[in-house]
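Going down the list, the sequences are from chains A and B. For reference, each letter of the first sequence is one residue, going 1 to 183 in my numbering. For reference, each letter of the second sequence is one residue, going 1001 to 1375 in my numbering.
These are computed hints drawn from the structure, not numbers from a lab. Please note: incorrect hints may appear among the correct ones.
[As the list claims (entries may be wrong)] DMTMM-like, lysine to aspartate or glutamate: derived pairs with alpha carbons at most 20 angstroms apart: (1) A:178 - B:1148; (2) A:138 - B:1244; (3) A:138 - A:99; (4) A:43 - B:1148; (5) A:45 - A:74; (6) A:45 - B:1244; (7) A:138 - A:104; (8) A:43 - A:62; (9) A:43 - A:87; (10) A:91 - A:53; (11) A:116 - A:98; (12) A:91 - B:1003; (13) B:1134 - B:1148; (14) A:84 - A:62; (15) A:45 - A:111.
[What the hints assert, rightly or not] Take a look, some chain B residues computed to stay more than 12 angstroms from chain A by CB distance: (16) 1044; (17) 1061; (18) 1115; (19) 1120; (20) 1125; (21) 1268; (22) 1323; (23) 1327; (24) 1337.
Even glycine gets a Cβ: it sits at the ideal position worked out from N, Cα and C.
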Amino acid sequence: MQKNSRVRAFVKLGFWTVATALVFAFAIYTYSSGQMASMYFHKAKANGYAINERSFANATVENPVALKVENVSEITGPQAVPVKQGDVLPKNATGVIDEGVVKEARRVALENGQLKVMIPTEVVSSKGLTTIETFRLKNIETNPAGGVWNLLVVMSMGLCLGLLAESFTDVLGIKVSKASHAH
Amino acid sequence: MFDFPISGVMVNPLLLVFLGFTAGMVGGFIGIGGGYMVTPALIVFGFPGYMASGIDMTHISGTSIISTVRHRQLGNIDWTIALSMVAGTMFGVELGVRLLGYFKTIGLSSVAVLVASLVIMVSLFIYTNMETRKSHKALEQAAREGKDAGREEVSGGASRFVQSIPLAPIVRCRNAGVVISMWMIVLVGMFTGVLAGFLGVGGGFVRVPALVYLVGASTHIAVGTDLVEIAFSGAYGTLRHSIEGNVDFLAVMFMLCGAVVGAQFGAISTAFVRGPAIRYILSYSLMLAALGALFPLLDTLTGQSIPLLATLAVTLTLGQMIFLCTFILAMLAFALLARRGMWVPSWAVPLLVKPAPPSTIRRPLRAKAEERGTL
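Could you put the whole structure together from the sequences, leaning on the hints where they help?
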């Protein structure tokens, strides 16, 4: 009888270990293949230029960074991809520089088919609070399916991890019986 | 350091694992999500504020399921109360969010939220701490008289009044041992939901005392049942935050790795202590969280002109989790020492559960086999 319960405990532990590993492997694959980022940086919320803000992080007014304006499906360097509101963003895009910001020509200017970035980050004060304004996460829309994905995966992880922990203590033979809750 | 491509920050992942471990332990022990402690910590680590909120909510929904599985095994969940409260809580959260929206339109959302947080936490801390001290004294008295006090001791009669309200349908909450109008449970859920929605937190720090003092459930039942609530509200929050672009899932995964271990310590520790021990830790967490809300409020009102306030906020945020985990582990250690007949501080003895008769605790199979000489 005890041998049966011990075998059952090990089978339970093995099952939930495999299940947990599969869920985590699936999540890690989604991250490493870029699908996680694609679900997040999904569509443009405004007309402008899709960029990866790391390509011009060190730009200054004295030394602006020039982004080549071109239509590509993947941003691999200092590039800016023209997008309209609702367009799916190219791979590796992390934000959209609004057309209005480009027209203003204070932080970003369009010159000779290139987008010159002069002020990539700006300190903004409002109602006593100071924030740093960047082009990262600006004017992007996440994929609602990404929300469902997050929910399903996190709940699967929670369930698998919880049952894995329970089976682990079963294998160790540690169990505390249910208690009475009378006042 | 690890690069989080969605948040755009570089953070040591071990910090996230540690944060998940401490949040899991505290949450598993006192039945809260810990958002009011975790969100500021994530901001300190470098995550943007809205991202910290979303990551925290998503991690809470996973961690609460981990803790719920263990609490179910411990018999600490009353499903009647849990499922009755869900609808009320969801409705209340939506009302709270709309109320916050109103304060946002008049430009007072930050001040309103921080002031409301302070008032609620300070009030709850004072009441919970005073009531728990009374219950602690009652347990000490019972011990002196040689009486068996059981697992729970609660002073105050508000729950008796609430249970006496005869609004049909009346439900029998078997595990909690409470007979109460279902509408009272829904109303408690709605009230706590409004606070949660307004403050942008899970609401456990309000719901657990409400379940104990208004519904009349034991602290252990309140802890386990509240974690079921948090799983539901956390799921909804995860979906909303994810759609708004507030969640970096990679950060959540690191936190869950720590939470799975911490939650076991927290949940299993409840089996070794009486209700007042859990309520003490809940009250101290409220006090620390109130201080944690006070410094950012002062920082905002002084236009961030006093650097010391920001430093104190950071120190408190990181220190409070460590303090609470140390307290929980200390109670567990005292319980194990007491069972071996070793010295334990006299103030802790009435807070510990007496060991159950040997037949109800299964010792490791090897030790049993050794005793029988069959190994």
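Going through the hints against the structure:
1. A:178 - B:1148: The given pair, whose Cα atoms are some 19 angstroms apart, holds under the 20 angstroms limit.
2. A:138 - B:1244: Cα-Cα ~12 angstroms, so holds.
3. A:138 - A:99: Roughly 12 angstroms separates the two Cα atoms, so the pair holds.
4. A:43 - B:1148: Cα-Cα ~64 angstroms, so violated.
5. A:45 - A:74: Within the cut-off at roughly 18 angstroms; holds.
6. A:45 - B:1244: It holds: about 12 angstroms lies between the C-alpha atoms, which stays within 20 angstroms.
7. A:138 - A:104: It holds: about 17 angstroms lies between the C-alpha atoms, which stays within 20 angstroms.
8. A:43 - A:62: Distance ~32 angstroms between residue 43 of chain A and residue 62 of chain A Cα, so the pair is violated.
9. A:43 - A:87: 5 angstroms, holds
10. A:91 - A:53: Since the Cα atoms of residue 91 of chain A and residue 53 of chain A sit roughly 13 angstroms apart, the hinted pair holds (cutoff 20 angstroms).
11. A:116 - A:98: It holds: about 14 angstroms lies between the C-alpha atoms, which stays within 20 angstroms.
12. A:91 - B:1003: 17 angstroms, holds
13. B:1134 - B:1148: 17 angstroms, holds
14. A:84 - A:62: Violated, at roughly 30 angstroms.
15. A:45 - A:111: 24 angstroms, violated
16. 1044: 16 angstroms, holds
17. 1061: Violated, because the least Cβ-Cβ distance between residue 1061 of chain B and chain A comes to about 6 angstroms, which does not exceed 12 angstroms.
18. 1115: 15 angstroms, holds
19. 1120: 23 angstroms, holds
20. 1125: The claim stands: residue 1125 of chain B keeps its Cβ more than 12 angstroms from every Cβ of chain A (closest is about 23 angstroms).
21. 1268: Per Cβ check, residue 1268 of chain B is inside 12 angstroms of chain A; nearest 7 angstroms; violated.
22. 1323: About 25 angstroms separates residue 1323 of chain B from the closest Cβ of chain A, which puts it past 12 angstroms; holds.
23. 1327: Holds: least Cβ distance 21 angstroms, greater than 12 angstroms.
24. 1337: The assertion about residue 1337 of chain B holds, with a minimum of 18 angstroms to chain A.
Checked against the numbered hints given earlier, the structure breaks hints 4, 8, 14, 15, 17 and 21 and satisfies all the rest.
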